[in-house]
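> If you want the building blocks of each chain, they are given just below.
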Amino acid sequence: MEPVIEVRHLVKTFRTTRVLDDISLKLEKGMNMAILGKSGVGKSVLAKCIVRLIDPDEGEIRVLGQNMLELDAMELDEVRKRIGYIFQGGALYDSMTVQENLEFQVRRTKEEMSQADLDALVEESLRNVGLLEAIHKMPAELSGGMKKRVAVARTLIFKPEIIVYDEPTTGLDPVTAGEISELILNVQEKYNTSSLIITHDMKCVKMTANHLKIIANGRFYTQGSWADLYQSTDPEIRGYFH
Amino acid sequence: MKILRTNESLNNFFSEIGGLVLFARNVGQQFFRAPFEYRELVKQGYFIGVKTLPLVAITAFIMGMVLTLQSRPVLMDFGAGALLPGMVSVSFIREIGPVITALLCAGKISSGIGAELGAMKVTEQLDAMEVSGTKPLNFVVATRVIATTCLVPILAFIADAIGMLGSYLSINMYEPMSVVLFFSQAFDSLRFYDIIPATIKTFFFGFFIGLIGSYKGYTTGQGTEAVGMSANAAVVSSSLAIFLIDLIAVQLSNLIYGI
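Quick note, the sequences are listed as chains A and B, same order. Per this note's numbering, residue 1 is the first one in the first sequence, and the count goes up by one each step. Per this note's numbering, residue 1 is the first one in the second sequence, and the count goes up by one each step.
Among these hints, one or two may not hold up.
Unchecked claim - Cross-link-like lysine to any residue pairs, in silico, SDA-like; alpha carbons within 20 Å at most:
no., chain 1, residue 1, chain 2, residue 2
1, A, K38, A, Q223
2, B, K135, A, I54
3, B, K135, A, R82
4, A, K110, B, F203
Stated by the list, open to error - Distance ranges between label pairs, derived from CB positions:
no., chain 1, residue 1, chain 2, residue 2, range
5, A, R8, B, F13, 37 to 45 Å
6, B, F203, A, D119, 57 to 65 Å
7, A, Y191, B, K43, 29 to 37 Å
It should be emphasised that the hints constitute simulated quantities derived from the structure, not laboratory data. Beta carbons are placed, not taken as given, at the ideal position from N, Cα and C, and that holds for glycine.
The shape of chain B in the complex, shown without the other chains (with noise of 0.2 Å):
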């Protein structure tokens, strides 16, 4: 009876994956066939970045600061204070910068693509566009990926930058230091290796925190319970995705650049 129960958990596992894929291809073909939805990705484009960036900007400044203020007893116990710019530069441009802000976006942008696509799918509207002859595909998620695809990178970086504001301040709170102090000894701890990557992977973030959303919407099922499900299924996709393409992406750039 379990191994049956395994069984189909990984049948179900494996469906849900070459969904996915399917999906993908789909979606992807749906990206050089006209028409070009440009007023569609605008206002995605703005409920995604904008709507987002008060959140996203709160979190990294809170995060440069905490990480500062807990990196620095340990630092100075070591005698080495003066490391801490650039310490916090590199953790936060290679790391924290862009996974919490992959994150929150999976959090606020996923799910909410997977709710809204869900709700569109029960009540027809989905249908409805396709026996109009508007591709759904087109209008509905090709526009929710691509700006996804776009802005979280976006995000990510403004994250960085207000993160590295708050750890800024919070050095400010124990010892007086010059912003162009903290900058040039920030950036001097940075090396090429450590921003292209980090930045590349932002995009692939953004690609599948709104190609997950948009799949777990897209499939939904039956009913308004389905609706929340699929919102759920979303983050927890998403989040997931998040953390596996992190950990390839690491194991990529330090094969690439011999680390």
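Pulled out of the complex, with its shape left as it was, chain A reads as follows (with noise of 0.2 Å):
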């Protein structure tokens, strides 16, 4: 199946730490991939690397056929916004309403759009997320479970063909990170995206994943499904699962 993120030998340093050793991966169309780790592992920098927040030292990424590290600004952007991204506190706009925040990315990049579309695209994104009525709210005044969903409808605005989660369910009680999991499983059924999910949260993991990949030492340590490796007997791997 044709990858739609490719990652190659990537290596990326912090002064003297070596985050990223000579990571590879491929996210396939239509996959839902997990990348775990412990905390300070570099699990966020590797996404921060694939939509080029961060640029690596080394290596090599293709996302949606593009060379990212080869594209002047004009045209990562044009990738960019076929790419969605959950930042793991939200990273709403504290400044404007829900709907502002929505708003905000279509009206540079739409311009010719009526303000009536626009109201109508804002609305089906955030019923989507089960959030209408909060359009007219504050971030502040949104607790943390609605600040990742308005993060997503924000997202599926653009109708992305891949999203990346930064720990999507981090910092959430049990019952709204459940949400949040099945919210990732609804938005790809409807979408048909394909997912990069960063976390820790093997619940989410479970529900949301068909492949993991668990970085160890700034170098990907195994990888398979959750049946694979919920059997394997490996201390380190069996240290996820309890």
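Could you use the hints to bring the two separately framed chains together as a complex?
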């Protein structure tokens, strides 16, 4: 199957610490891949390298057939519009209402769109995450789970082909975390997206991912399906399941 | 050990200067790149201009009164009381108005920009903009820098006018003097080279207040503590920059006008 993200021999060093050391991965169309690892092993750095929020030292990153490291600013923006990125805390613009948060990007890219069409698009996105009633609220008035949902809605407005979730359930209670995991699945079904889920929440992984990779010491330690890894007797892997 | 520490401090200082220069270049490029964020520019203009005006006005009024009250006895001792309006106008328009306005803006605006951008950086809002194809340098930084560059001179002009008004009222506390006489004496003492360099330097004050505040916020480290440090560093660095620009402006204008 055609890969939507392909990373080859990625290396990233911060000062003297080599955070990513020869990392390679392939995310195929329609796949939900979870990247697991302890805190500080470089999971988020990998995700940020993929969308070029961080430039790697070595390696190659191809997203939707484009070599991300060779694109100029305009080309990069075009590819980024096809990727959704959900940040750990939602990263909603706190000086704007939920509606303005969703409109913000669209106004800059689809200037010809009428206000009525824009309103309809915003409402559709919010309805898809079950938060239409929060349309006029400020981010400070939302709970952690609601912020994540709005962040997903903000991403969905562009109907992305890939969504990168950076710790989607961190800091949420188990019930809300379960709802967010369900939302990830619903979004994938409805929008036919491929997802890269950076997490250490095993419940979320079990619900959402069909392929798992574990990072340790800057490299992929192992990979496989939930069932494959669950049966492993390696104490390093077993640690994630207890 | 001491030499090593000095070396490291010097290193940090020069990398900050280098970082600021590169940042200024990148922001400068955004001034001429579409999309032009008019709405955000107007919003920032309101926050920077209108919200700072009361503070600038009250301070300038008090400074005008204090300068007059302090200078009057000395001038009267020398029988030069009639020179008071001229002395106040030259001092205010050349130096006190622009510098006091710029320092107030450094304290209020630069720290505010540093804290706001710092918080946006820590909560990944700047990254969220970047990843969705909106350039934060264009939307967030360039608008603030343009707003401060345009509005600090206007605020300084208003400060000059209100300071002169304060001076007029404090003279009238001792002896009655008509507005016409006060302002004709005040303007008689002003020369071309009192007004133009003072006005030009306020544009530089405004530019660096916005630029340094944005730079400190944009390069904030991790955590909420870093946001406070950025706001603090923005005030300190902008204030120092104001004095440095002022010194350079005085030397240049003295050279140009052969004073």
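> Please write out, lowest number first, the hints stated earlier that are contradicted by the structure.
4, 6
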